[in-house]
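> With chain A held as given, fit chain B onto it using these hints.
Going down the list, the protein sequences come from chains A and B.
No gaps in the numbering here: position 101 of the first sequence is 183 in our numbering, and each next residue is one more.
No gaps in the numbering here: position 21 of the second sequence is 33 in our numbering, and each next residue is one more.
Just so you know, the hints here were simulated from the structure itself, not pulled from any lab data.
Where is the CB? At the ideal position from N, CA and C, for every residue including glycine.
Be aware that a few hints might be false.
To be verified - Stretches of chain A that chain B covers, calculated by requiring three or more beta carbons in the stretch to come under 8 Å of a beta carbon on chain B:
| id | region |
| --- | --- |
| 1 | 127-136 |
| 2 | 171-177 |
| 3 | 187-194 |
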Amino acid sequence: AQSVTQLGSHVSVSEGALVLLRCNYSSSVPPYLFWYVQYPNQGLQLLLKYTSAATLVKGINGFEAEFKKSETSFHLTKPSAHMSDAAEYFCAVSGRDSSYKLIFGSGTRLLVRP
Amino acid sequence: DTGVSQDPRHKITKRGQNVTFRCDPISEHNRLYWYRQTLGQGPEFLTYFQNEAQLEKSRLLSDRFSAERPKGSFSTLEIQRTEQGDSAMYLCASSLADNTEAFFGQGTRLTVV
Numbered sequence: 083a084q085s086v087t088q089l090g091s092h093v094s095v096s097e098g099a100l101v102l103l104r105c106n107y108s109s110s111v112p113p114y115l116f117w118y119v120q121y122p123n124q125g126l127q128l129l130l131k132y133t134s135a136a137t138l139v140k141g142i143n144g145f146e147a148e149f150k151k152s153e154t155s156f157h158l159t160k161p162s163a164h165m166s167d168a169a170e171y172f173c174a175v176s177g178r179d180s181s182y183k184l185i186f187g188s189g190t191r192l193l194v195r196p
Numbered sequence: 013d014t015g016v017s018q019d020p021r022h023k024i025t026k027r028g029q030n031v032t033f034r035c036d037p038i039s040e041h042n043r044l045y046w047y048r049q050t051l052g053q054g055p056e057f058l059t060y061f062q063n064e065a066q067l068e069k070s071r072l073l074s075d076r077f078s079a080e081r082p083k084g085s086f087s088t089l090e091i092q093r094t095e096q097g098d099s100a101m102y103l104c105a106s107s108l109a110d111n112t113e114a115f116f117g118q119g120t121r122l123t124v125v
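This is chain A alone, in the form it adopts within the complex (with noise of 0.2 Å):
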């Protein structure tokens, strides 16, 4: 069974600091990855997804994401946060059946501090 592992639920950083935000999956063959934001009250939006083309993913708001198979992970970064970034973030899986539905993980709340 597939399943997605968001490594602290928390995480706090400085305006301009660099932001990584941590996502292990486990899967039995290569899944499709994604990474989705959500702000309060709200519903989720793409920020990026890997489906085995590049490892190296760019996504919308200067957010990025590495495929590593060796390490089951699919990490997201940027280089410079924003107080805009302040929101949660969530991780997703799917298989690669036709269902091309998404288990997530429990999510990371980012704090960026002025």
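Frame of chain A, contents of chain B only:
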């Protein structure tokens, strides 16, 4: 087209009452998904449709839950005899069948008192 629309945004109901939520997907999307998100957790898959056919249901979807997509356009999710444990955000997403990217609505927050 303004994206996936869910109605209502908020619903407060008494335990034992029935509630129904509506989701309008992006117009050309033939896939529609329902997820449930409880406080402090990631969303959990409930069910999905391709056109009007319900292709998969999670074991989370008890007999009190039913979802329909009668004409392959909008969908409804009904919960009968609500329980306090049903309190959650219910999220709808849509996509094209051959595309991994799902677009989410803003959700319906259900509070059962």
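> Hints the structure violates: just list their numbers, smallest first.
none
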